[in-house]
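Just so you know, we're using our numbering here: the sequence shown kicks off at 1 and counts up by one.
No wet-lab data here; the hints were simulated from the structure.
In the BS3-like style, the derived pairs of lysine-lysine whose C-alpha atoms are separated by at most 30 angstroms in a straight line are:
{"id": "1", "residue 1": "Lys565", "residue 2": "Lys330"}
{"id": "2", "residue 1": "Lys272", "residue 2": "Lys363"}
{"id": "3", "residue 1": "Lys95", "residue 2": "Lys377"}
{"id": "4", "residue 1": "Lys84", "residue 2": "Lys215"}
{"id": "5", "residue 1": "Lys42", "residue 2": "Lys95"}
{"id": "6", "residue 1": "Lys565", "residue 2": "Lys516"}
{"id": "7", "residue 1": "Lys169", "residue 2": "Lys42"}
{"id": "8", "residue 1": "Lys95", "residue 2": "Lys363"}
{"id": "9", "residue 1": "Lys363", "residue 2": "Lys169"}
{"id": "10", "residue 1": "Lys330", "residue 2": "Lys84"}
{"id": "11", "residue 1": "Lys248", "residue 2": "Lys215"}
{"id": "12", "residue 1": "Lys565", "residue 2": "Lys391"}
{"id": "13", "residue 1": "Lys42", "residue 2": "Lys84"}
{"id": "14", "residue 1": "Lys215", "residue 2": "Lys42"}
{"id": "15", "residue 1": "Lys330", "residue 2": "Lys516"}
{"id": "16", "residue 1": "Lys594", "residue 2": "Lys542"}
The following label-pair restraints were derived from C-beta to C-beta distances:
{"id": "17", "residue 1": "Gly566", "residue 2": "Gly361", "range": "39 to 49 angstroms"}
{"id": "18", "residue 1": "Pro430", "residue 2": "Arg48", "range": "43 to 53 angstroms"}
{"id": "19", "residue 1": "Ser338", "residue 2": "Gly359", "range": "22 to 32 angstroms"}
{"id": "20", "residue 1": "Asn224", "residue 2": "Gly359", "range": "48 to 58 angstroms"}
{"id": "21", "residue 1": "Asp468", "residue 2": "Lys80", "range": "47 to 57 angstroms"}
{"id": "22", "residue 1": "Asn224", "residue 2": "Phe450", "range": "18 to 28 angstroms"}
{"id": "23", "residue 1": "Arg145", "residue 2": "Gly361", "range": "22 to 32 angstroms"}
{"id": "24", "residue 1": "Lys565", "residue 2": "Gly361", "range": "35 to 45 angstroms"}
{"id": "25", "residue 1": "Ala393", "residue 2": "Thr85", "range": "48 to 58 angstroms"}
{"id": "26", "residue 1": "Gln548", "residue 2": "Ala263", "range": "28 to 38 angstroms"}
Cβ atoms here follow ideal geometry from the backbone N, Cα and C, with glycine treated the same way.
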Amino acid sequence: MSGYRALLAAALALGVAPLSAQPAAAPAAATAAEPGPFVAEKASIRVRDGARLETAIWYPVGRHGPLPILFLRTPYGIPKDAPKTMPSQLAALAKDGYIFVWQSMRGRFGSTGRFTMSTALAGRRGTDEATDAYDSIAWLVRHVRGNSGKVGMWGVSYPGLAAAIALAKPHPALKAVSPQAAWTDYWSGDDLHRNGALRLSYATDWVYSLQIDDKSLPDFPYANADTYDWFLHAGSPDRIERAYMKGKVPLYRALIEHPQHDAFYTAQNWHKALGRTRVPTLNVAGYWDQEDPSGSWQIYFQQQRDDPDNLAQMVAGPWNHGGWRTPADKLGAIPIGSEAGTSFLSEVEAPFFRHWLHGEGAKPDFEVKSFQSGSWKWRSYAQWPPRTAAKTALYLHDNGTLSFTAPAAGEVCSSYVADPAHPVPFRARPISPTYPAPEWRWWETADQRFVDGRPDVLTWQSEALDADLTVTGTWAAALQASTSGTDGDFIVKVIDVLPQDSDTPKVDGKLGDYGKTLDGYQWPIAMEVRRGRFLDSETTPKPLVPDQVRGWDVPLREHDHVFLKGHRIMVQIQSSWFPVIDRNPQTFVPNIAKAEPGDYRAATQRICPGSKIVLPVMP
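When you get a sec, could you build the whole thing from the sequences and use the hints?
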């Protein structure tokens, strides 16, 4: 494990977002002279199939029981020692007094068993991550000294999944759970695919790091500083797997062999097994989460189907992956004006666990709590989407303008040529690997002027707004589009364009200073991809009819944003997002992951009258 990975693993075990988190110094071991806030013990917990799970138990110094347990399970490694000083992420929780427990998931680091990256539930007699959580909780309440018999689970990303999946088979002692950036579906909206389009660079880096070795988190061995060039020359995912993974990364091979939404994926949708909501749940998501923006929402929506006691809650805010566990006073380059993450930790998360595990403080009374971008204020909603939000069409006109007025008769299609040999990059080049470089963390907030003006990117822009426009709920694009090929992608981006005088240079107007301002910044708010072969069926893909204009819907997920007076709304549409999304050959082939060089062909893409962005506008 590299030095960066060692430091990162320590941070991960404290609940920071996996792999993409900001490097942080590993907590120093406590000494006799400086006892630190915790005393650590180690345990090896045997679960029902005989696997043993390495576990670290931190008892708070100076606090006497009975105390509840806060339990985090992770594949990224657990702390070797208790920290010398209180980790900032735990400070608000630690004030109330908890026994913190960290555990390596089966098959990772010091835990035995087989790590499969599977989330499928194993049935009554099998073992899975839900049964491992159940068995571990049973052991903890019996053996951890001074515990109150109440356990909470929490975590971000994979640890968030490990907390959430325990809800499918909850132990009676499990009294509160907070799945944060948890993921639910390999196919649709989180790590590995977006609406069936493979997240090529992320899947390569992340899956490789977790499966190539069970006791470390190695980086993928890129030979080129610009991964855009590397992936362009490496060829299809099938070729990458054969050349570099050679059967040692089973999930990556499985993604290649399952090119449509078959039982391999549907079996992983563990959240569909959630029945009546019986365990209080604080779901947490970031609107700019570059890895897992959807899973926690999907858990919340599933819980809402049967939640008579209002135990399921949702919190979202202007955060990247795990950003709520940092001060979060900025969203990339965008200043927030307050510490949204600190506010979450002290005013939302800590009171949630305090009420359900300590029996102190009022029951959290919100349904959905959102730190709204643009206004930079907390909002509470009685339901999601809010009933007062009106679905409003923002139309794309053939002269490059956006307006709430439907297109006039005689408007024509706008077009561009998409060439897979020259794909549009998803962020400014050179594109560093996902890990350990920091650029990945903020790419979804980056100024989109790096592609504005390319001939294969269409742009529409509104007039400057004469009043604030608040858009809260589920966003979507409804295109009328065609391609001259037999397959193709459309990526839709909804952008908040800041005024040219929003951040005037402070030091004599020098160019170097001006280049650091937010003047004219094209701030992406919602972005997503939709693959043509799956428009009619995700299970039985079929070729498109060349040049036939048809409906092409692009889901844009959940958002809560205020476009301020004087700002403009922009829409960009393109047909590649490389290499975060694999290239579509634009020629229908049975399996894109095995496409041959001759399959990739340029195509003319058209966006036609009636295309619109559907926004839930608040009164």
